Amino acid sequence: MIVPEESKPDLAPRPEVKPAKSPKHDARRDEKPDPRLAELESGLNAEKAKADDYLRRLQYLQADFENYRKRVEKEVGDSRRFGNERLLSELLVVNDELELALQRSKEAEQDSVLIEGVDMVHKRLQGLLSKEGVKKIESVGSKFTPDLHEAALAIESDQEEGTVIEEIRIGYLLNGKVLRPSIVKVAEKHATGESRANEGESE
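Numbering (this note's numbering), first residue to last: 1 to 203.
Simulated pairs of lysine to aspartate or glutamate, EDC-like, Cα-Cα distance not exceeding 20 Å:
#: 1; residue 1: Lys185; residue 2: Glu161
#: 2; residue 1: Lys143; residue 2: Asp158
#: 3; residue 1: Lys74; residue 2: Glu132
#: 4; residue 1: Lys74; residue 2: Asp64
#: 5; residue 1: Lys135; residue 2: Glu166
#: 6; residue 1: Lys177; residue 2: Glu138
#: 7; residue 1: Lys135; residue 2: Glu90
#: 8; residue 1: Lys143; residue 2: Glu166
Keep in mind that the hints were calculated from the coordinates and are not lab data. Since we're looking at a predicted model, the values are computed, not measured.
The task is simple: from the sequences and hints, build the whole structure.
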């Protein structure tokens, strides 16, 4: 017997329907914070603050040490450069005497051998002074400077007032520091007729 199409059973697979899962309960939500964890975090922050403080102090100490090192190096350098200042000052006096002896010997036309001997000693002494850092102060024609010059006389001159016009004693520097100031004559303005008359009246 032929079964009508409408009455044939539906043999196609049907999708499996799974029962809905009930939401799981999160037990972690019910957990209370561990007080030991908060204590550890607090301790960690405190140690970090201490470490920062120690680092800052170390940096300050390092800076202080660097300044101290530079200061010591400068003092040692100054000691080497200026430690023999007294001896060099005394040698300048000897140098002055040799220069004066040479000048007078030449003026008196003394024995040339003697003059050459004195001149040789003088040149050796000047070489020693130069090697130690001693240098002449160039004064004549320059402006009077209290740090470098001592004014012995003020002379009326056509040059600008305050100009060094003559050197009585040569001054010297030791590595840029005044070892001995120059003694000089300084230019001053000519007195006008009126000022001279006033000076005469005052006398």
